[in-house]
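Residue numbers (the numbering used here), protein chains in the order written: chain A, 1 to 619; chain B, 1 to 238.
Don't read these hints as lab results, they were simulated from the structure. Note that beta-carbon positions come from the ideal geometry of N, C-alpha and C, so glycine has one too. Where hints are given, some of them may not hold.
Unchecked claim - Here are the simulated PhoX-like pairs of lysine-lysine, each with C-alpha atoms no more than 20 Å apart in a straight line: (1) A:263 - A:179; (2) A:352 - B:58; (3) A:386 - B:190; (4) A:438 - A:386; (5) A:386 - B:19; (6) B:204 - B:157; (7) A:498 - A:438; (8) A:438 - A:352; (9) A:386 - A:435; (10) A:386 - B:58; (11) A:427 - A:438; (12) A:427 - A:498.
As the list claims (entries may be wrong) - Away from chain A, derived, C-beta distances all over 10 Å, residues of chain B: (13) 128; (14) 136; (15) 163; (16) 195.
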Amino acid sequence: MSVIRQETETIQPAFRTVKSHGGWVAGLLLTAAWLALPSIGIAAEGPAAGPTEYRDIPYIGSRNLVWIVAQLHLLLAGFVLGVPIFAWLCEVIAWRGGEKRYDKLAKEFTKLLTSAYATTALFGGILLFLLVAFYPKLMNYLTDVFFPSFLLYCLLFLLETVTLYLYWYGWDAMQDGRKKTLHVFLGFLLNFFALFIMIVPNAWATFQSSPVVLSEGTAFERAWAATWNPTWWPINIHRLIANVVLGGYICGAYAGVRYLSVKSKEDREHYDWMGYVGNFIGVFGLLALPFAGYWLMREIYQYNQQMGITLMGGFLSWLFIIQAMLIGVLFLGSNYYFWLGITYRIPGSEAKYRRAMLMMLISLLLCLAVWMTPHSLVASIEEAQKMGGAHHPLLGVLGVMSAKMTVSNLMILITFMSFVMYWRAGKQDTAGWAKFGKAVMGAVLVVASLAVIVLGVWGYFVPAIVRINYFSTSQVAIVGFVILTITPLTALLLKSAKTTTEMVWGSMPPRAGYALVLNAVMVILLMTLMGYARSSSRVHWHVYGVMRDTSPYAYSPALGSASLIMAFCTFFFCILVAFIFWVATMGDKYKTASGAGKGDLPHGIPAMAGGAPEERQQQ
Amino acid sequence: MGALGKPIILMIAMYLFLKFVLPYIPGSAPLPSSLIFLYLLLTAAGIVIFETLSGESKEAFWGPMQRFLTGENIGGLQALRYGILVLFPLLIGWQTYGSTASSDAPPAESRTIHPAPPGEYTGLSNPVPKTPENIMQGKGFYAAFCSPCHGGNFDGKGPAARGYNPPPANFADPTTIAMLQESYLFWRIKKGGVGLPIEGAPWKSAMPRWELELPDEWIWKIIMGEYDGAHQSPRTWE
Chain A
1 MSVIRQETET IQPAFRTVKS HGGWVAGLLL TAAWLALPSI GIAAEGPAAG PTEYRDIPYI
61 GSRNLVWIVA QLHLLLAGFV LGVPIFAWLC EVIAWRGGEK RYDKLAKEFT KLLTSAYATT
121 ALFGGILLFL LVAFYPKLMN YLTDVFFPSF LLYCLLFLLE TVTLYLYWYG WDAMQDGRKK
181 TLHVFLGFLL NFFALFIMIV PNAWATFQSS PVVLSEGTAF ERAWAATWNP TWWPINIHRL
241 IANVVLGGYI CGAYAGVRYL SVKSKEDREH YDWMGYVGNF IGVFGLLALP FAGYWLMREI
301 YQYNQQMGIT LMGGFLSWLF IIQAMLIGVL FLGSNYYFWL GITYRIPGSE AKYRRAMLMM
361 LISLLLCLAV WMTPHSLVAS IEEAQKMGGA HHPLLGVLGV MSAKMTVSNL MILITFMSFV
421 MYWRAGKQDT AGWAKFGKAV MGAVLVVASL AVIVLGVWGY FVPAIVRINY FSTSQVAIVG
481 FVILTITPLT ALLLKSAKTT TEMVWGSMPP RAGYALVLNA VMVILLMTLM GYARSSSRVH
541 WHVYGVMRDT SPYAYSPALG SASLIMAFCT FFFCILVAFI FWVATMGDKY KTASGAGKGD
601 LPHGIPAMAG GAPEERQQQ
Chain B
1 MGALGKPIIL MIAMYLFLKF VLPYIPGSAP LPSSLIFLYL LLTAAGIVIF ETLSGESKEA
61 FWGPMQRFLT GENIGGLQAL RYGILVLFPL LIGWQTYGST ASSDAPPAES RTIHPAPPGE
121 YTGLSNPVPK TPENIMQGKG FYAAFCSPCH GGNFDGKGPA ARGYNPPPAN FADPTTIAML
181 QESYLFWRIK KGGVGLPIEG APWKSAMPRW ELELPDEWIW KIIMGEYDGA HQSPRTWE
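Produce the entire structure from the sequences given, and follow the hints as far as they go.
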């Protein structure tokens, strides 16, 4: 580091001299010097110092740079792996049901996907270079353990790229008959490879957090043993669902922004509908996400008590209060969007459902108040003395998992009912058994809600293992049962129902578009927050309990400092996504401006820009 | 006043409830300002969400505020408008100054109640057989060494408890030892307040370092006695 400092001192006078000859020369030199600084770090280690373990970069620091790039790569990857799932499902719905608008929607989703794919790979490449440069010792170790899966990952990446290109560029060419079947199969393959592209590197990251003992054996046997570590599958499931949520909400935000900016009635209708689908996909995933998160935390706790307490009871526990706040906003935002849909898309429904919406809102807020109440409160000395400690004698009981699990389950139930209400709005039941069916559904809902609350309260009076293994899982099962009972019953009822008010697309107020953007920002913030929590739970270990971090950065940043990086990652990712989408839709705007079917369309839009196949067709 | 008046009344009522009613419910205590702020924020969010669900309710809620702030047809309220437009930034400035100016008041507490135990203590299991004799012996040790602070009823209300801030832990509360494994208690009893890691700093525990006084076997027996006496069970994975 002292060499870096000396070099910096040498650069500064030179910079001042050059500055007099023009700002641009200085800028170039400064950039070149900055880029060259890591090499000074390499020189600093010297050949006599033994193998280089770490390198650094001035000002920002190697850890912060890797943190930011890794987080951006992960967010982009989440989007790129989440979107194909529902893009493909939309295509299948169009293929089997014959509704062309779903095919158009799937294609629009895929267009965003192609744009983001190259950027994801770009950030992945940068991340790899940075890791190899800054953490050679760690990367040597991980390469030694995971070498076979590195090769597998390369192969998967090649297959994914080829499949994506075929899927996207072949969209219009493979629209009919058996070609469409082939295209749908390509979509399936795309998701199949994407799943493995996610779970292979998950093994590397989870091995760092929960390593297993590696016995002697072949390279393949060691890699396989390291892959099957205790948190691998919980992370796989959690990330798979989270990617769908992220993808859904980002597509929703994209539709929201487009909805706010488009002029024509058709476009407003289309983007209103796309926003609805994006929000629906986000909510659909969100309903399952807390369960997956709970399972992951349980496995972490069981793997290592120290890590579990660091996360949930120790210095990282405040992150979970912020998490509750962000998830709460997400639930409120998603429900708000459903309720706005009832009011604006189904004229006349507001009066009928306003009271129900109020009750749901109050219930959601009460649940959120419980979820956000910490066990140990932030209090001044005087306030703590009045309370008799950091725990409030009455509200302190709300700060533990029994209460949190109960309210998160109730919030899921409420959100599900919001969707059912939206689904039913504007329709009149005609089935003879409608009254009985609705009574059954009402009874199921009431009994299930009561059961969830009773189990939650009871959870305080049983050993922790009973609560974790039986009560919490029963709560999840009850909510699942409600969803699986009410969904088909409602679908059956609506099959014969009479539509009293047609859905009017394109009539949502601007705040609906902003709500979609807010939801996307909340999801991104959540991912940056919990990404930090998961990484920080390793504390001063690269590989927990196996390889210690001996760099100058072997400390956990203060939560305030960490939140600045999280905010930066969120902001930068939003800017990045906005740029990618802007580039992706540039061709469409040009086409609209010049009039469809003209021969002077931009033919050469690259894949990164989501070059639209229809342009190619028109050549 | 209708659509705008109700939210204002609701906010005031909520504040009064949190400040002057909830603390006086038996078994309760005054809420810290951070929690009151949190609940008021939720209330405000709820009001905004509900009042903007339809065009009419939004207009009834937001319209008067907008007209007042823009000075559109507000007649005699013009002076009040100017007053608020001047006072509001001053209020924000005062609040900002108050929260950032140096003060001799100690900062608000955000103590880590359960710092993570050192690696060598994780996964330890109680080596003492859980027999009625051992539990009884543990309760005896508890009565001799622990109950002056943690109380004969395991409720944190021993005769010496009033002298400590924060007060000794209440083991009968299902949110304390019932959430922890026995190995965690073993570490805390053995190492005491001074054995808390850096993440637990600043240390706020008067717990003695009992390893200087008691053999490990006694500590394990005390743990069994505590759980039994407080009618709680330790966290386990079986």
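Which of the numbered hints above does this structure break? 1, 3, 4, 9, 10
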